[in-house]
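**Q** Protein chains in written order, with our numbering: chain S, 230 to 1332; chain D, 1397 to 1587.
If you are wondering where the hints come from, they were derived from the structure by calculation, not from laboratory data. As the structure is a prediction and not an experimental result, all values here were calculated from the model. Any given hint could be a false lead.
Pairs of lysine-lysine residues, derived as DSBU-like cross-links and limited to a Cα-Cα distance of at most 30 Å, are as follows [claimed, not checked]:
(1) S/482 x S/436
(2) D/1399 x S/436
(3) S/261 x D/1542
(4) S/697 x S/711
(5) D/1399 x S/656
(6) S/275 x D/1414
(7) S/656 x S/436
(8) S/275 x D/1437
(9) S/441 x D/1542
(10) D/1542 x S/405
(11) S/433 x S/465
(12) S/582 x D/1399
(13) S/327 x D/1399
(14) D/1414 x S/582
(15) S/436 x S/510
(16) S/573 x D/1399
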Amino acid sequence: MSDVVEKTLTALPSLLSLDSHPGSAKLSSTSKLGNLIRGITELTSKHEEEKLIQHELLAIKEQVSSPNTTMMKELMVRSIYCEMLGYEASFSYIHAIKLAQQGTVLEKRVGYLAVSLFLNESHELLLLLVNTVLKDLQSTNLIEVCMALTVVSQMFPKDMIPAILPLVEEKLNHPKEIIRRKAVLALYKFYLIAPNQVQHIHNKFRKALCDKDPGVMTASLHIYLQMIQENPEAYKDLTPSFVTILKQVVGGKLPMDFNYHTVPAPWLQIQLLRILSLLGKNDQSTSEVMYEVLDESLQRAEMNHNITYAILYECVKCIYTIHPKSDLLEKAAKCIGNFVLSPKINLKYLGLKALTYVVQQDPKLALQHQMTIIECLDHPDLIIKRETLELLFRITNGQNVTVIVEKMLEFLCISEDDHTTIDLVGKVAELAEKYPLKYNEWFIETMNTVFSLGGDMMQPDIPNSFLKLLSEGFDSVEEDRKLRLFAVNSYIPLLRGEPGKLPQRFLQVISWVLGEYSHLREDLEPAEVLSLLAKLLDMKNSSSETKSWVLMAMTKLCKGGADASVTQEVSETYSSSLDTVLRQRAHELQYLSQDPELRARVLPRGAKPETLEVDSSLSFLDRFVSEALAAGAAPYKPPHQRQEELDQSKALSLEPYGLSLPISMSSCSITDRQSPTLLSMSSGLSGDTLKLDGIKRVWGREGYLAQREPVEEAAQVEVPSPIQSPGRQGEGDSLHSQTPTQTPTPEPEQEKQQLASSLFVGLASQSSVSLMGKSEPMPQRFRRKAKGQGLGSSFIANEQISSSLISPPSAVDNLLCNNLLDSNNASELAEQTSQLSQSLTTANGTCHAEAELTESDTKGCNPALRRDNCVVAAGPGPHNDPGRLTEVCLDSYLPAELSGLSHSEIAPLCANQSLNLSACHVQKEDSLILVVFIMNSSESAIQQIRLVSITVGQYSLTVKRPAVHVEVVGTVSYQLPAGTSQSLQFSYKVPLTSFIRPFVVSTEEYGTMWLSFSHDTKQNLTLINDNQEPLTATLNALKKKLQLHVVEVIGMEGIVACRLLQDLPCLMHCRVNAGWLAVWLRSPVPDLPDCLIYHCQRALQSL
Amino acid sequence: MIKAILIFNNHGKPRLSKFYEHYNEDTEQQIIRETFHLVSKRDENVCNFLEGGMLIGGSDYKLIYRHYATLYFVFCVDSSESELGILDLIQVFVETLDKCFENVCELDLIFHVDKVHNILAEMVMGGMVLETNMNEIITQVDAQNKMEKSEFFPFFSFSLSLYRRLSFSLPGRTGRHRPVLQERPLVPYQL
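Construct the complete structure from the given sequences, taking the supplied hints into account.
**A** Okay, structure coming up:
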């Protein structure tokens, strides 16, 4: 065929010359593009192509800069062609901009096109385009306006948006529909890159949504989809509108133009369904609005064209996302069935995707289609296969994990795609680590396959957590020993075989395990292990990282004596290595092998890994640093800051010069004090104990507690007979048809069924359902710590409560007396309310916030005195309704010393027939007081008169370790007059912000503290943009919301300090950078910076 | 959002590349190569979706492609786009090209990169689907082309269509729903 082309190209000039008015210049230019393409056709090597294009570029460059070029358009097309092939034509960028600026409409179009292909939004030349865009937006020529809007939505410098925003906004009212539509999309683009700049035009988006032209409305849905994704709550009120729109579209109310293959506006429907599913998620009342229209869409979408399947798919996803409705779910499930069973492969793919999506909610659906799923496992299309594995991954439980992992490993063997391999290896490792007990051998073997298949691409935390698992072990010492021994046993033959083929990561794992545990195998001589390890060192492809792992292992193993020759040789070889790490390891090996005593101290056998204390702020270097600074060294800047400054110096400076000097000096004084945190972090890693901070903690020392139950169940897995699998009991029909009572099925069929029964085992049983999906096994940290239990102070009532003891509210007694209660009754009541023993515990997320219960004035130990001061019993008149009382008068029961302080809203905690609990918290300067109102609402105490009494307890809370929210859990035990004791549990949640207090420091103090704190976090926050200066506005808002203390604001930077009650400070450094507030928090307390940054975000969002 | 639209031929030569997100030049070329590598391996009777090229952004991203005669049309999208929706969008795009170029062939794409880009700009704007109605797209493109004619020009469109008429006898169009490009005369032009 290429000779036909040849003919064409040679024919071109002659054809052109037939043209009636061929300018000679044009002729030559045309043939030049032809020449170029022909030239490329004839080439055989990449190298030649390169030469040809370079030549071409030179020619273009020459022509383009000649003063009166008449064929700019053609030259641009040629540069576009070269750029597309990957050759840079940067000289033409400026000409493209010029062309867009000055050319005729036609040239302008090419100019704009070239600009949008050549440049990106951060390119500095783009600033030159701003004026052109401004001019064209105001043009009367519609085409020019369109071009300008198009280029704006492709890329526009963020800082320049305010300049053109009013013009684009104006276009929303343009009479031409196409202009309005493009303007909406341009605004969407602005919203994406600078959301706060378009905040004020949100109502215009609403107007666009109501536009009389459906096209404009469709365009506005892009914006709404995005905004609703970010904050569904804010747009709930629009749900009926979206439902109405969808109803009209589905009902065919749109003009025929919008039909595509007789389906009304399918893309619009898809968009609307996505929006609805976001709005209806976890919201019953909103979901109810949309049930009807969803049903209608399902019915209307007859299966006649691809695009209807697209709508159906979105419908199904929406139905499963929103609050469930049974008959819709049924229809959706049927739809999914149609997808999965479809012979069309694209639909099958989507069906599997849908199944994967819904299987967490409805595992039975997977059971229904098990045979199809099994067929898909053997599908020739890898993508389908992969999707099936993804689905199986979601339904893995303790009973089918072996089969599923086997299938995944099979797939891994044939997969060539790196991305898939990495992803799948991670999943296999996750599953293997989830269910290792009982399957020691299986676990080690699986991990071996993972390491050899995953190679060096897999995520680095896989080998780390594997080693951590091995070293920490489980509950039983014997099990641990077996597991380790098995690992050692499996590695030795690998090393004896061809270790050169194993990936580096695997070799590292092997050498670590051998170093630590090869002594467990008694028949194995250390000398042999040493020589196997030494072999690894000699291999050509061992990386130096692997070598240092091997050397470490040898150091652990060498005992002197017979091994000495090997170690001696090795250490001599590497002690002169150019790699300093290797050299250090070699020296260690040399010294430690000669000094067994020292070795035993440095590397004790079987030592539990201890956590390393790392001074990550490197404060011990401070003196050195200050001396160096005094000697004139440049202050250290962290890499990100250096990068920023580099970027800033490269970009055009848009700020006036006058201000810059003081700013830069002050910022310098702050950066002086920064320590190279990053560097110090890595320095902690060199030890032989694994440092695994920050790695997902799935395993504790006690093993995998949350999973223990199902794992024990897993003993059944090995039984292939479907009769014993619990899955059958839950889900009958499809499996029953395969019971052995039926005529024997052909061999492969039987295999499949067997596979099915082992894959879907345990799916329907309750216990395994909870295991499915991504739901993380309950991490250890959520286990309730009973720490605070002992602290609960209990106070036993003094039997002889007399009116004089409850004297402060003496009115109570008077009331009681006035109510003609005999003394007997009164004491009964007192008994009930006062025989309270309370205990408070906290059970909360990452921290064990210990509630120290101190009754406010407990200095004196006399119980009577205590009671007198802190518990107030009150019995108002009989006419009071207890319900109303809580709302109205609880305030008045606040202890007097607290009433002056601001307190949170009094919230009801819990209640039963006899007690009603409410609580609030009061922020004091140095503590947080939790006030619990205990109200007797029973009618039993006094027969005739309903009596309410209220007891107020107050507890001062402190926080030992911060968490985003602190939850206080407590129990009230009391005795009914009848003598039965009862208890009532309650919990109360306090945000961390209640514990935060401003921290007044000077800038100098701040500086010294900054250096000494080791826990830090960084994040970008949104800036508040009102009339004031954004930094000050944002800081003031934070100050108001979170009670921070603004230490100083210097130019674009600000430093802020706060503390957690009295003694736990947290420092905050803020910098305005590219429209964001870059915040850097430091504190001596772990987690405090993270928790605080969360609250900062929340505070700024709620504004 | 659509992240990139790529067209290349059976040999991996790029015919059009449009990125809606910024990558540097080398990455762009690498993406084109990798995408071609992924797509060209696929048989005819497998699904049109591919997951996760490493470069273009991992698991949230999808490649949705169609293969017509000598050309692959590949859209790289994130999870906010409907797979089947995009698949039909490619069809609309190709049908539109077909109408604008009267039986589009690979040559048209080579010599009229700018025109193809202009058509694309009427369909997809800044990564968002702007218009899905073929007639509407053609109306917009025509409006611009009219201007083009009034201003004078182009040899290419003339010469190539002339050339095509001379060298090939192409089957006539039978209507909008013709399964356009499978049975279609795309010139097997191989560079």
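**Q** For every hint, state whether the structure bears it out.
**A** Structure-based check of each hint:
no.: 1; hint: S/482 x S/436; in the structure: 20 Å, holds
no.: 2; hint: D/1399 x S/436; in the structure: 28 Å, holds
no.: 3; hint: S/261 x D/1542; in the structure: 26 Å, holds
no.: 4; hint: S/697 x S/711; in the structure: 16 Å, holds
no.: 5; hint: D/1399 x S/656; in the structure: 27 Å, holds
no.: 6; hint: S/275 x D/1414; in the structure: 23 Å, holds
no.: 7; hint: S/656 x S/436; in the structure: 47 Å, violated
no.: 8; hint: S/275 x D/1437; in the structure: 22 Å, holds
no.: 9; hint: S/441 x D/1542; in the structure: 28 Å, holds
no.: 10; hint: D/1542 x S/405; in the structure: 18 Å, holds
no.: 11; hint: S/433 x S/465; in the structure: 18 Å, holds
no.: 12; hint: S/582 x D/1399; in the structure: 22 Å, holds
no.: 13; hint: S/327 x D/1399; in the structure: 28 Å, holds
no.: 14; hint: D/1414 x S/582; in the structure: 29 Å, holds
no.: 15; hint: S/436 x S/510; in the structure: 26 Å, holds
no.: 16; hint: S/573 x D/1399; in the structure: 27 Å, holds
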